[in-house]
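Can you make the complete structure from the sequences, with help from the hints?
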Amino acid sequence: MASIVPVKEKKLMDVKLGELPSWILMRDFTPKGIVGAFQRGYHRYYNKYINVKKGSIAGVNMVLAAYVLFSYCLSYKELSECFLHYLASSFP
Numbered sequence: 000m001a002s003i004v005p006v007k008e009k010k011l012m013d014v015k016l017g018e019l020p021s022w023i024l025m026r027d028f029t030p031k032g033i034v035g036a037f038q039r040g041y042h043r044y045y046n047k048y049i050n051v052k053k054g055s056i057a058g059v060n061m062v063l064a065a066y067v068l069f070s071y072c073l074s075y076k077e078l079s080e081c082f083l084h085y086l087a088s089s090f091p
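At position 23 of the sequence shown the residue is numbered 22 (numbering that gives the first Met the number 0), and the sequence of numbers has no breaks.
Heads up, some of the hints might be wrong.
Unchecked claim - Okay, derived cross-link-like pairs now, BS3-like style, lysine-lysine, Cα gap no bigger than 27 Å in a straight line:
1. K47 / K9
2. K7 / K52
3. K31 / K53
4. K31 / K9
5. K31 / K7
6. K10 / K31
7. K10 / K47
Note that these hints are calculated values from the structure, not bench results.
In structure tokens form, the structure reads like this:
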């Protein structure tokens, strides 16, 4: 018979949709907890894509793509205004 695992100890992928609000409320949202979450994510990414025997450029490409997307989102308003000004001046 399977043992019952408390909601707090489940991974996100194992949480059912009805248990999600209680699972989120049980997370550690202190600065120390947030830093720990980022450290775990970094170490997981590093060990999966960078620290491997047969590495490829995929891990670095993901970081580069995330940076490009983030930069685009930050400058979207300025870019769209510039594009609209270009369209207005191109077609009389």
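Evaluation of the provided hints:
| no. | hint | result |
| --- | --- | --- |
| 1 | K47 / K9 | 21 Å, holds |
| 2 | K7 / K52 | 35 Å, violated |
| 3 | K31 / K53 | 34 Å, violated |
| 4 | K31 / K9 | 20 Å, holds |
| 5 | K31 / K7 | 18 Å, holds |
| 6 | K10 / K31 | 19 Å, holds |
| 7 | K10 / K47 | 18 Å, holds |
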